[in-house]
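The primary structure of each chain is shown beneath.
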Amino acid sequence: MPIVNYLRARPRLALVLVAVLLAALPFLVGAGLGKSWVRVLDFALLYVMLALGLNIVVGYAGLLDLGYVAFYALGAYLYAWLASPHFGLHLPFWAVLPLGALLAGVFGVLLGAPTLRLRGDYLAIVTLGFGEIIRIFMNNLNAPVNITNGPQGMNLIDPIALGGFALSKTHQIFGFSVSNAHLYYYLFLAFVLLVMFVALRLQDSRIGRAWAAIREDELAASAMGIDTRNVKLLAFAMGATFGGLAGGLFAAFQGFISPESFGLMESIMILCMIVLGGMGHIPGVILGAVLLTVLPEALRYVGDLQRAVLGHVAVDPADLRMLLFGCALILMMLYRPEGLWPSRQRKRELHAEDEVAAHESASLYDARG
Amino acid sequence: MALLEVDRVGKRFGGLAALDEVSLKVEQGEIYGLIGPNGAGKTTLFNCMTGLYGVSGGAVRLDGRAVHNRAPHEVVRQGFARTFQNIRLFPNMSALENVMVGRHVRSRAGVLGAVLRGARTRAEEAAIRQRAQELLHFVGLERKGRALAGHLAYGEQRRLEIARALATEPKLLALDEPVAGMNPSERRQMAEFFLKLRDSGVTLLLIEHDVKLVMGVCDRVAVLDYGRKIAEGTPDAVQRDPAVIAAYLGSET
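Chains as they are written, first to last, in the working numbering: chain P, 1 to 369; chain D, 1 to 253.
Pulled out of the complex, with its shape left as it was, chain P reads as follows:
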């Protein structure tokens, strides 16, 4: 594509364009598709954060974690405990968010420690159990002492506010009316950029190489002097920290949380985002997270379409969603196992035969010529 090549030669211009696009996006989307879509954008950013966090554990260190949502839940519940009428505490967000991330990070190590010897399927099962344990705890810790308010969830969580400026209200800025969804969009965008930055730096460092080595061959990694225990725990902790951060933002944004938001399906969904987008590759993971948040919302229109054409809803769009997901994943595994937007390296490793074949046909051509 000529435009892509043009921009590739001018990275600074491309950066400015992307920045302008990202800044204008909520207004474009709000004007074009309606206000509810700005909220969808907010959720997409939250999932990008989660997917980037899980990508550290699964994509970098190769540890299959099916209980990632537990860290999301911990961050969210800690925010609710420290900033809602439930305990009567109303700490400011800049104190609560780091605490939530820290708590999740500590739990990441606690979960990691007993699973150090496990790999693959076994690790997946243990982490899956951990995810469920946290959810069930949240569901049942309303008696004898009401800590989590059980299945009813916790309500009236403080929004994020700096001084008197609450992100939960609509503000008039330079004559524009900027709704809460818009404001959270910019906040989440800032955090996404932060998480991206950290993930990128880690990937391309001594620690990132150690993770990759463990993913490739744990025994060889330890024989090369890598303390596999610490390095794996670090991956769990880093991933969990991002999960906890996203959880806190989620609680503040929604104003309400309940154990229902933190089920196994969430964990699987986040994992799907990574696999679909391209494991271990940050742009791919972001693409996967955005696609899997936006597409299900778009599918809602299928219900309207059915009503318009058939006069009634024949297939519930929610059911359709799962069907399409399943099909999409199967097709991906068959035809594009490296994901939609994989790193160059991963593409090479999965399509080595093509490369060899191309090389051979090229040399054949030389021989003929």
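No wet-lab data here; the hints were simulated from the structure. Computed from a prediction, not measured in an experiment: that's the story for all the values here. Glycine is no exception: its CB is placed at the ideal position from the N, C-alpha and C atoms.
Computed beta-carbon distance windows for the label pairs: (1) D/ARG146 / P/ARG300: 41 to 49 Å; (2) P/LEU25 / D/GLY54: 52 to 60 Å; (3) D/ALA71 / P/ASN155: 46 to 54 Å; (4) P/MET265 / D/GLN85: 42 to 50 Å; (5) D/GLN130 / P/ALA190: 34 to 42 Å; (6) P/ARG336 / D/ALA119: 37 to 45 Å; (7) P/ARG336 / D/SER200: 44 to 52 Å; (8) D/ARG117 / P/ASN230: 17 to 25 Å; (9) P/LEU162 / D/ASN69: 54 to 62 Å; (10) P/LEU194 / D/ARG188: 53 to 61 Å; (11) P/ILE133 / D/ALA71: 27 to 35 Å; (12) P/TYR122 / D/PRO37: 33 to 41 Å.
The hints should help you fit chain D onto chain P, whose structure is shown.
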């Protein structure tokens, strides 16, 4: 004092004694060969020395410090690196990255350093990269740095594994059947390479089946059979040892 001292090391797997009070001493600057028939316990001894197995008895000392029953990464830090009989590279990382991983134990940037990437981290990273490139050059793979390790030819993978081990700055490098599967001319090249390695100051411990190669390059040789050391000495002396001949060819009794 010997560089490596293996002192009556025993290893039992259930009722089976894989190693029975094996003792040997490797001196600084020599190439020491470890030979023996299949199943004699050579690789088991390697694994006991490098921390992959715990020992059931005895001690292993490197430079006078105990390295047995330690985690593998601690043994590496002490200056004892190894390669594997069936090559264990990181196949989906580039050759250069493989060697850079070997520098892990001699560098120290943590999470904070990686994220902030201050002057010290950048300098360290540049040093890691440069050293890795030098080592690739040393093993003759300087043009393969960007290729995936898993895509390299067999002999190149063997040499890459050695470069990766050298990146940990070992005093003693243990090679487990480094010329297995190579043709005679590749074997000759490798033999020369071992001498070059020794001359660069690394002491070598070699497990090998190729008796000719062992006799050609090793300064001293020990022979294992059924988990026991049956002979030790210069290649010539060991070759004439009746116990060794019996172990390899079978005795008449």
